[in-house]
Amino acid sequence: ARLTFDQLLGRSVDYQAGDEAAVHGTSDAGASSAICGNHIMRAGKHWATFIFGWEAAGCRSVGVIRPLPGWDQRRLDEFHIANQGLWRAMLRERISRWEGDVHFCRIFLSGYCWYSNLEGVRNQRSDWDGFDNFDEDIDTLGMLLDLDSGTLSVYQNGKRVGILKDGLAGVYCWFTSFGGIGGSLSIMRGYDVIDA
1285 ARLTFDQLLG RSVDYQAGDE AAVHGTSDAG ASSAICGNHI MRAGKHWATF IFGWEAAGCR
1345 SVGVIRPLPG WDQRRLDEFH IANQGLWRAM LRERISRWEG DVHFCRIFLS GYCWYSNLEG
1405 VRNQRSDWDG FDNFDEDIDT LGMLLDLDSG TLSVYQNGKR VGILKDGLAG VYCWFTSFGG
1465 IGGSLSIMRG YDVIDA
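When the letters of the sequence shown are read in order and numbered with the numbering used here, they come out as residues 1285 to 1480.
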């Protein structure tokens, strides 16, 4: 089945031309996210391709987040994963399948990667090994969530750039976040890998 962003959280994100696999930021006020809530990853290896539009845009990131069923019905003005004000409400969604302590992990086109356990410590930056080889001018990223090894990796030009974070366990969904107007992004299942 095709990957789609079936959950839009915040008022500053919308579908592009009605395509649920493509979203864009609609306002420079606030931050919003789009989640593939209909595709919960529980075990094994999961590939996705994210294609960033090159419009003048604010901050965009992609990665994994815990499932948040029904959150798209809350009519939130904003949903910014780094906003600690949301964390307590998110932790109330915790189920036994939320294993480990990495509740989201995301990468920006700058190559910077952030993650959190949603408790105590704020957003933490991952000092991942491939950062120096990450090319911020490449607009297509492959991502591999390997729940057998507990890792999230990023790929460019068909090759692995590096492991963004280890210690991932339990259930996750693909997601993207927008801050600022005009940026666009699409998602597809799979990725064309040269060196699996």
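Hints in this document: simulated from the structure, not taken from any laboratory. Note that this is a predicted model, so its numbers are computed, not measured. Hints may be right or wrong, so weigh each one.
As the list claims (entries may be wrong) - Capping the alpha-carbon separation at 20 Å, the derived lysine to any residue pairs in SDA-like fashion look like this:
hint, residue 1, residue 2
1, K1329, A1453
2, K1329, R1473
3, K1329, D1419
4, K1443, M1472
5, K1443, T1424
6, K1443, D1419
7, K1443, I1422
8, K1329, T1435
9, K1329, E1362
10, K1443, W1331
11, K1443, D1423
12, K1329, I1422
13, K1443, T1288
14, K1443, R1473
15, K1329, S1437
16, K1443, T1333
17, K1329, Y1475
18, K1443, D1476
Against the structure, the hints come out as follows:
Of the supplied pair hints, the one linking K1329 and A1453 holds, its CA atoms being roughly 12 Å apart against a limit of 20 Å. Proximity of K1329 to R1473 is assessed by CA-CA distance (about 12 Å); at most 20 Å being required, the pair is judged to hold. Proximity of K1329 to D1419 is assessed by CA-CA distance (about 24 Å); at most 20 Å being required, the pair is judged violated. Distance hint between K1443 and M1472 is fulfilled; the C-alpha atoms sit about 17 Å from each other, no more than 20 Å.
Note on K1443 and T1424: the hinted pairing holds, with a Cα-Cα distance of about 12 Å set against a maximum of 20 Å. For the hint pairing K1443 with D1419, the CA-to-CA distance comes to about 12 Å; that is within 20 Å, so the pair holds. Our distance criterion of 20 Å between C-alpha atoms is met by K1443 and I1422, whose separation comes to about 13 Å. For the suggested pair K1329 and T1435, the alpha carbons sit about 10 Å apart, so the restraint of at most 20 Å is met.
For the hint linking K1329 to E1362, the alpha-carbon distance of about 31 Å lies beyond 20 Å, and the restraint is violated. Restraint check: the Cα-Cα separation between K1443 and W1331 comes to about 13 Å, which is no more than 20 Å; the hinted pair holds. Distance restraint check for K1443 and D1423: the Cα-Cα separation of roughly 14 Å lies within the 20 Å cut-off, and the hinted pair is therefore satisfied. Between K1329 and I1422, the direct Cα distance comes to roughly 24 Å. Violation of the 20 Å bound is thereby established for this hinted pair.
In summary, the hint linking K1443 to T1288 is not supported, as the alpha carbons are separated by about 24 Å, beyond the 20 Å threshold. Straight-line distance between C-alpha atoms of K1443 and R1473 comes to about 17 Å, which keeps the hinted pair within the 20 Å bound. This hinted pair checks out: K1329 and S1437 have alpha carbons roughly 11 Å apart, not beyond 20 Å. As the CA atoms of K1443 and T1333 are separated by approximately 13 Å, the hinted pair is consistent with the 20 Å bound.
With a C-alpha separation of about 12 Å, the suggested pair K1329 and Y1475 falls inside the 20 Å cut-off, and the hint holds. A hinted pair counts as satisfied when its Cα atoms are at most 20 Å apart, and K1443 with D1476 qualifies at roughly 9 Å.
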